[in-house]
Amino acid sequence: MTNMNAQSFQAAPTPPGSVWRPDDTTPAVPVCPDTVYREDILKTIEQTIKTLDGELRKLSLDIHDHPELGFAEYRTHDVLTAFMGSHGFQVKKHYHLETAWLASFTHGSGGRTIGINSEMDALKGVGHACGHNLIAISGVAVACAIKAVFEKFNISGKIQLLGTPAEEGGLGKVKLLDAGCYKEMDACLMCHPAPGPKGSVSLTSCLAMERLEVEYFGHTAHAALSPWEGRNALDAAVLGYNNISALRQQLKPTHRVHGIFEGKDWAPNIIPDYAKYICYVRAPTVAEQKETLKRVLPCFDAAALATGCTVKVNFLGESGDLRQNKALGDEVAHIVRSKYGDVDYEWGIKSASTDFGNVTYALPSLHPGFAIPTIVDGGNHTPGFEKAAATEAAHYACLDVSKALAATGVRVVIDDHFYAQVKKTFEEDKAVRGLVN
Numbered sequence: 001m002t003n004m005n006a007q008s009f010q011a012a013p014t015p016p017g018s019v020w021r022p023d024d025t026t027p028a029v030p031v032c033p034d035t036v037y038r039e040d041i042l043k044t045i046e047q048t049i050k051t052l053d054g055e056l057r058k059l060s061l062d063i064h065d066h067p068e069l070g071f072a073e074y075r076t077h078d079v080l081t082a083f084m085g086s087h088g089f090q091v092k093k094h095y096h097l098e099t100a101w102l103a104s105f106t107h108g109s110g111g112r113t114i115g116i117n118s119e120m121d122a123l124k125g126v127g128h129a130c131g132h133n134l135i136a137i138s139g140v141a142v143a144c145a146i147k148a149v150f151e152k153f154n155i156s157g158k159i160q161l162l163g164t165p166a167e168e169g170g171l172g173k174v175k176l177l178d179a180g181c182y183k184e185m186d187a188c189l190m191c192h193p194a195p196g197p198k199g200s201v202s203l204t205s206c207l208a209m210e211r212l213e214v215e216y217f218g219h220t221a222h223a224a225l226s227p228w229e230g231r232n233a234l235d236a237a238v239l240g241y242n243n244i245s246a247l248r249q250q251l252k253p254t255h256r257v258h259g260i261f262e263g264k265d266w267a268p269n270i271i272p273d274y275a276k277y278i279c280y281v282r283a284p285t286v287a288e289q290k291e292t293l294k295r296v297l298p299c300f301d302a303a304a305l306a307t308g309c310t311v312k313v314n315f316l317g318e319s320g321d322l323r324q325n326k327a328l329g330d331e332v333a334h335i336v337r338s339k340y341g342d343v344d345y346e347w348g349i350k351s352a353s354t355d356f357g358n359v360t361y362a363l364p365s366l367h368p369g370f371a372i373p374t375i376v377d378g379g380n381h382t383p384g385f386e387k388a389a390a391t392e393a394a395h396y397a398c399l400d401v402s403k404a405l406a407a408t409g410v411r412v413v414i415d416d417h418f419y420a421q422v423k424k425t426f427e428e429d430k431a432v433r434g435l436v437n
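So for the sequence shown, UniProt numbering puts the first residue at 1; every next one is plus one.
The hints are simulated quantities; they were obtained by calculation from the structure and are not laboratory data. It is possible that part of the hints are untrue.
As the list claims (entries may be wrong) - DSSO-like cross-link-like pairs, simulated, lysine-lysine; straight-line CA separation at most 30 Å:
no. : residue 1 : residue 2
1   : Lys423    : Lys43
2   : Lys290    : Lys92
3   : Lys424    : Lys175
4   : Lys264    : Lys387
5   : Lys387    : Lys290
6   : Lys124    : Lys430
7   : Lys264    : Lys124
8   : Lys326    : Lys175
9   : Lys294    : Lys264
10  : Lys252    : Lys350
11  : Lys183    : Lys152
12  : Lys326    : Lys264
13  : Lys423    : Lys387
14  : Lys183    : Lys387
15  : Lys152    : Lys124
16  : Lys175    : Lys50
17  : Lys175    : Lys423
18  : Lys290    : Lys124
19  : Lys183    : Lys423
20  : Lys58     : Lys93
21  : Lys264    : Lys276
22  : Lys424    : Lys124
23  : Lys183    : Lys430
24  : Lys50     : Lys387
25  : Lys175    : Lys312
26  : Lys430    : Lys175
27  : Lys290    : Lys183
28  : Lys290    : Lys424
29  : Lys294    : Lys312
30  : Lys175    : Lys276
31  : Lys175    : Lys92
32  : Lys252    : Lys312
33  : Lys183    : Lys93
34  : Lys152    : Lys175
35  : Lys326    : Lys252
36  : Lys312    : Lys387
37  : Lys424    : Lys43
38  : Lys276    : Lys290
39  : Lys290    : Lys152
40  : Lys424    : Lys276
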């Protein structure tokens with residue numbers, strides 16, 4: 001698919017409930033123009049991203065073709081920091097974490113700081129099947145576009161683009177948040193690809209999640225000669241799994257509990273003395289997740305009691321649901337609907353989880369999804385999505401949402417009334433969630 005002049009056209013609406021597939025041949029139709037805040041600024045953003053188009057495409061494919069796992073994104077770290085340095089940003093490599101980095105740009109004196117995130121890590125076995133190559137270049141595009149606006153319109157402010165490792169299970173952003181890497185930011189922006197209707201940007205939330213590592217310890221024995229001497233740790237892990245399966249009938253359909261087994265030196269004729277059950281507990285909010293966790297934990301203890309094993313539960317870290325800032329979201333939605341496509345509150349990553357959720361609890365933030373073409377049963381974390389993340393159509397969908405994010409980021413810096421609304425909606429959300437006295 002070629003780019004259809006994103007300023008003037010969008011695909012005709014996809015039928016409700018359907019997903020954009022690569023064979024979608026719906027003809028383009030004109031978008032009715034609407035007024036957006038500072039058309040002159042948006043025009044500069046669009047022109048900047050258009051000029052960078054080829055470089056961004058090359059960067060995306062380079063990252064996509066060299067996938068690296070969380071906390072080991074060494075090549076990706078070097079490629080992205082070199083790119084940002086060549087475009088006039090001050091770069092701090094190995095920023096608090098070995099593969100994290102910070103690219104900053106300051107213009108004038110004073111002014112607010114807009115934060116942006118670029119993810120980098122891939123998935124074991126399926127590479128960039130969550131499209132982090134697109135998230136990486138979106139952060140780059142947003143930062144470079146805002147820089148061009150600061151320079152052209154002589155705006156005082158600061159840009160901080162944070163390269164965040166290990167989103168896939170490593171809680172990289174949580175570690176960076178705890179290290180104070182977000183403390184200067186007045187607001188933070190990023191985006192994420194997912195299935196959805198063509199031209200759609202999603203403003204859904206996601207699920208809060210607790211990661212658990214449940215270890216069972218038993219005693220080995222010959223599985224045929226003297227099994228009564230053993231205490232089967234694998235049986236304990238299986239019982240824990242089955243206990244959760246029974247519990248799941250009484251959980252709300254929006255809650256998720258799932259996991260896998262791991263062993264050590266297993267053999268069929270030896271009763272295992274060790275087994276590990278890696279388990280994720282998810283729910284729509286942090287508060288709901290904690291309540292579900294209270295019901296899950298006894299499942300592990302009961303399994304240990306039944307098998308005569310001992311159990312140790314290790315808490316690996318919690319990620320929050322996305323608290324999409326309403327003022328930021330409304331601004332992105334208005335720009336997208338005016339210029340690039342449509343907005344939905346149904347697709348996105350609403351049943352997945354991300355460590356950016358913790359960021360949204362700490363400061364005003366936004367994490368929209370954007371639709372890329374997928375095959376049937378080819379959503380995030382599949383080989384089909386890995387291929388989709390390298391398509392030209394996905395590239396241009398990424399650039400469109402990046403334009404809306406950049407324009408919103410500029411408004412955070414220059415519009416006092418708008419930023420007051422951003423802060424107001426953030427505090428209101430905290431009150432709703434019971435996070436303030």
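For each hint, the structure was consulted:
1. Lys423 / Lys43: Between Lys423 and Lys43 the Cα gap is close to 27 Å, so the pair holds against 30 Å.
2. Lys290 / Lys92: 37 Å, violated
3. Lys424 / Lys175: At roughly 27 Å apart (the allowed maximum being 30 Å), Lys175 and Lys424 satisfy the hint.
4. Lys264 / Lys387: Cα-Cα ~34 Å, so violated.
5. Lys387 / Lys290: At roughly 36 Å apart (the allowed maximum being 30 Å), Lys290 and Lys387 break the hint.
6. Lys124 / Lys430: Violated, because 36 Å separates the two Cα atoms, which is more than 30 Å.
7. Lys264 / Lys124: Holds: Lys264 and Lys124 sit about 20 Å apart, inside 30 Å.
8. Lys326 / Lys175: Measuring from Cα to Cα gives roughly 26 Å; hence the hint holds.
9. Lys294 / Lys264: Roughly 29 Å between the alpha carbons, so the hint for Lys294 and Lys264 holds.
10. Lys252 / Lys350: Holds, at about 15 Å.
11. Lys183 / Lys152: Holds: Lys183 and Lys152 sit about 27 Å apart, inside 30 Å.
12. Lys326 / Lys264: 48 Å, violated
13. Lys423 / Lys387: 39 Å, violated
14. Lys183 / Lys387: Violated - the C-alpha atoms of Lys387 and Lys183 are around 36 Å apart, more than 30 Å.
15. Lys152 / Lys124: 43 Å, violated
16. Lys175 / Lys50: 34 Å, violated
17. Lys175 / Lys423: Holds. Lys175 to Lys423 sits at ~24 Å (cutoff 30 Å).
18. Lys290 / Lys124: 29 Å, holds
19. Lys183 / Lys423: Holds - the C-alpha atoms of Lys423 and Lys183 are around 15 Å apart, at most 30 Å.
20. Lys58 / Lys93: Satisfied, since the Cα-Cα distance of roughly 22 Å is no more than 30 Å.
21. Lys264 / Lys276: 9 Å, holds
22. Lys424 / Lys124: 41 Å, violated
23. Lys183 / Lys430: 18 Å, holds
24. Lys50 / Lys387: Holds: Lys50 and Lys387 sit about 24 Å apart, inside 30 Å.
25. Lys175 / Lys312: Distance ~24 Å between Lys175 and Lys312 Cα, so the pair holds.
26. Lys430 / Lys175: It holds: about 22 Å lies between the C-alpha atoms, which stays within 30 Å.
27. Lys290 / Lys183: Distance ~27 Å between Lys290 and Lys183 Cα, so the pair holds.
28. Lys290 / Lys424: 27 Å, holds
29. Lys294 / Lys312: Roughly 16 Å between the alpha carbons, so the hint for Lys294 and Lys312 holds.
30. Lys175 / Lys276: 25 Å, holds
31. Lys175 / Lys92: Status holds; Cα separation ~17 Å.
32. Lys252 / Lys312: The given pair, whose Cα atoms are some 27 Å apart, holds under the 30 Å limit.
33. Lys183 / Lys93: Holds, at about 18 Å.
34. Lys152 / Lys175: 36 Å, violated
35. Lys326 / Lys252: 26 Å, holds
36. Lys312 / Lys387: Answer violated: Lys312 to Lys387 is near 40 Å, above 30 Å.
37. Lys424 / Lys43: 29 Å, holds
38. Lys276 / Lys290: Holds, at about 22 Å.
39. Lys290 / Lys152: 48 Å, violated
40. Lys424 / Lys276: With a Cα-Cα distance of about 45 Å, the restraint between Lys424 and Lys276 is violated, given a limit of 30 Å.
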